[in-house]
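Q: With the hints as constraints, model all of the structure from the sequences given.
These protein sequence lines are chains A and B, in that order.
Per this note's numbering, the very first residue in the first sequence carries number 1; after that it's consecutive.
Per this note's numbering, the very first residue in the second sequence carries number 237; after that it's consecutive.
Hint data in this document are derived by calculation from the structure and do not stem from the laboratory.
Be a bit skeptical, because a hint or two may be false.
[Claimed, not checked] Reference excerpt, derived from the structure (chain B facing chain A, CB under 7 Å, subset only):
hint: 1; residue: N286
hint: 2; residue: M322
hint: 3; residue: P342
hint: 4; residue: Y374
Backbone N, C-alpha and C fix where the C-beta goes; we use that ideal spot for every residue, glycine too.
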Amino acid sequence: MNFDWQYFLKALIQLPEYIPVTLIMAIFAMILAIVIGVIITVFQLSPFWILRRFAHFYISFFRGMPTLVQLFLIYYGLPQLFPSLRGIPAIIAAIVGLGFKESSYLSEIFRAGFNSVDEGQIEAGKALNISKITLFWHIVLPQATLNALPATGNTFVSLLKETSLAFTLGLTELFGEGKMLAGESFKYFETYLAVGILYWILIIIYTWLQSLLEKELLKPYRRDLNEPDRSEGPVS
Amino acid sequence: MSLIEVKDLSVNIGKKKILKHINLNIEEGTVTALVGPSGSGKTTLLRTLNLLQIPTAGSLKVGTTTAIAGKIDTKTIHDLRQNSAMVFQQFNLFKNLTALENVANPLIYTNLANKKEAHKTALKILKKIGLEEVITQYPATLSGGQQQRVSIARAVAVRPRVILFDEPTSALDPELVESVLQTIAGLAKENITMILVTHEMDFARQIADEAVFIENGEVLSKGPAKELLSGRTSPRIDSFINSLKRSAFA
Ligand SMILES: Nc1ncnc2c1ncn2[C@@H]1O[C@H](COP(=O)(O)OP(=O)(O)O)[C@@H](O)[C@H]1O
Ligand SMILES: [Mg+2]
Chain A
1 MNFDWQYFLK ALIQLPEYIP VTLIMAIFAM ILAIVIGVII TVFQLSPFWI
51 LRRFAHFYIS FFRGMPTLVQ LFLIYYGLPQ LFPSLRGIPA IIAAIVGLGF
101 KESSYLSEIF RAGFNSVDEG QIEAGKALNI SKITLFWHIV LPQATLNALP
151 ATGNTFVSLL KETSLAFTLG LTELFGEGKM LAGESFKYFE TYLAVGILYW
201 ILIIIYTWLQ SLLEKELLKP YRRDLNEPDR SEGPVS
Chain B
237 MSLIEVKDLS VNIGKKKILK HINLNIEEGT VTALVGPSGS GKTTLLRTLN
287 LLQIPTAGSL KVGTTTAIAG KIDTKTIHDL RQNSAMVFQQ FNLFKNLTAL
337 ENVANPLIYT NLANKKEAHK TALKILKKIG LEEVITQYPA TLSGGQQQRV
387 SIARAVAVRP RVILFDEPTS ALDPELVESV LQTIAGLAKE NITMILVTHE
437 MDFARQIADE AVFIENGEVL SKGPAKELLS GRTSPRIDSF INSLKRSAFA
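A: This is how it looks when you write it as structure tokens:
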């Protein structure tokens with residue numbers, strides 16, 4: 001077996017320079033996806049059928065197409081229709097493309113989050129004469145957000161990996177740089193292994209952060225943590 | 237004048253006639269037990285008294301607000317609900333709020349009190365029913381009995397003219413029932429008007445002034461609770477009460 005350890009380690013040290021581009025893309029695409037996702041969710045839950053129809057169409061459209069096709073449509077296709085878009089930076093096109101795509105997944109996740117808040121609490125709120133808006137902001141939204149958090153995190157993990165597709169728009173990010181290194185050195189295995197491991201590390205760190213956040217946010221709702229401690233009775 | 241006047245009230249859901257021509261008067265300061273077999277329309281009647289269910293025909297007066305079927309707008313609903321509060325079978329506490337907030341926040345949300353007053357009121361009520369130790373806990377960390385008592389406190393806090401209880405102990409483990417019944421009995425002593433749907437016949441006989449028996453969406457009979465719930469006045473009620481006893485021993 002000829003595995004070039006030295007080259008592998010060199011790649012592992014050299015490649016992280018491109019992690020910021022990857023992260024920036026993922027984070028901004030996620031922000032965009034959340035904003036659009038919320039809007040589509042509002043449409044889905046709206047009493048107006050035309051908005052619900054639109055939301056349905058939007059979700060189906062962006063889920064039904066390969067991400068790569070969407071990126072090409074935006075980066076290469078749109079400037080043909082709208083010349084003013086000629087020359088948009090590849091990173092913007094990637095952020096927009098990935099953001100649109102993931103928003104379709106997020107809106108389904110958010111909707112499920114809202115539906116998981118039981119009708120009984122809403123009835124209780126109505127019976128107490130609490131207005132719909134207040135009920136939404138103070139009762140439904142906080143619970144829906146918490147319910148949607150794990151799945152939203154998973155979406156970010158997919159998004160982080162999908163940013164590797166941006167190299168097809170000529171953008172040099174983590175994967176793009178790896179591809180170039182591999183092409184120059186012909187050390188494909190070592191390079192791509194290093195690239196893969198770096199994505200893996202990013203995702204491990206992110207998953208860990210998210211679990212910390214979830215634990216913190218869920219603390220008050222968990223029975224075991226809140227059971228009054230009876231081991232030390234009050235001194236009397 | 238009675239606190240609550242229900243006149244010829246009917247409720248259809250879809251094509252199904254759930255309540256048929258209900259007539260009922262309830263006096264201020266009394267406890268009314270609403271009994272009847274499962275599916276007879278007890279929950280629907282309570283929900284209609286709160287306009288969580290909109291009636292199809294007839295009228296309904298609670299306090300100074302009258303709702304006439306076909307002419308019920310959001311103002312009527314709002315005004316009528318100011319007079320009543322509801323305690324649900326499944327507690328329906330707000331899961332993201334502590335016990336104290338569950339009782340205090342509705343007062344804040346509906347501008348009945350500012351934060352300081354609301355917390356003071358809530359604390360007072362929760363103390364009175366022995367829940368002082370759990371005020372900072374969230375519903376998920378409370379026992380069913382504690383949750384139901386918090387929900388009773390939540391109903392009391394808005395100072396309603398009537399509290400509607402829908403089988404408040406049915407979802408509880410047997411050993412937790414007593415504490416909730418005691419809390420309700422405490423309210424009865426303070427002459428708070430209550431309508432109580434329950435299968436706890438002994439309890440109903442003890443605290444209720446009036447009883448109403450419904451079956452198939454109709455009021456089959458009504459009268460003084462001790463008499464009516466003894467089962468001696470009607471064979472139908474007698475067999476119903478016996479069926480409850482049998483299921484309790486099953
Ligand atoms: N939302 C609804 N849609 C259709 N039928 C309903 C609905 N709510 C209640 N019902 C029907 O109305 C009848 C009375 O129900 P309910 O008031 O819950 O009875 P109870 O509380 O006495 O058990 C039942 O037959 C039930 O199936
Ligand atoms: Mg019922």
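Q: Each of the hints needs a verdict: does it hold here or not?
A: Comparing the hints with the structure gives:
no., hint, in the structure
1, N286, "holds, 5 Å"
2, M322, "holds, 4 Å"
3, P342, "holds, 4 Å"
4, Y374, "holds, 5 Å"
The structure is consistent with each of the numbered hints, conforming to all of them.
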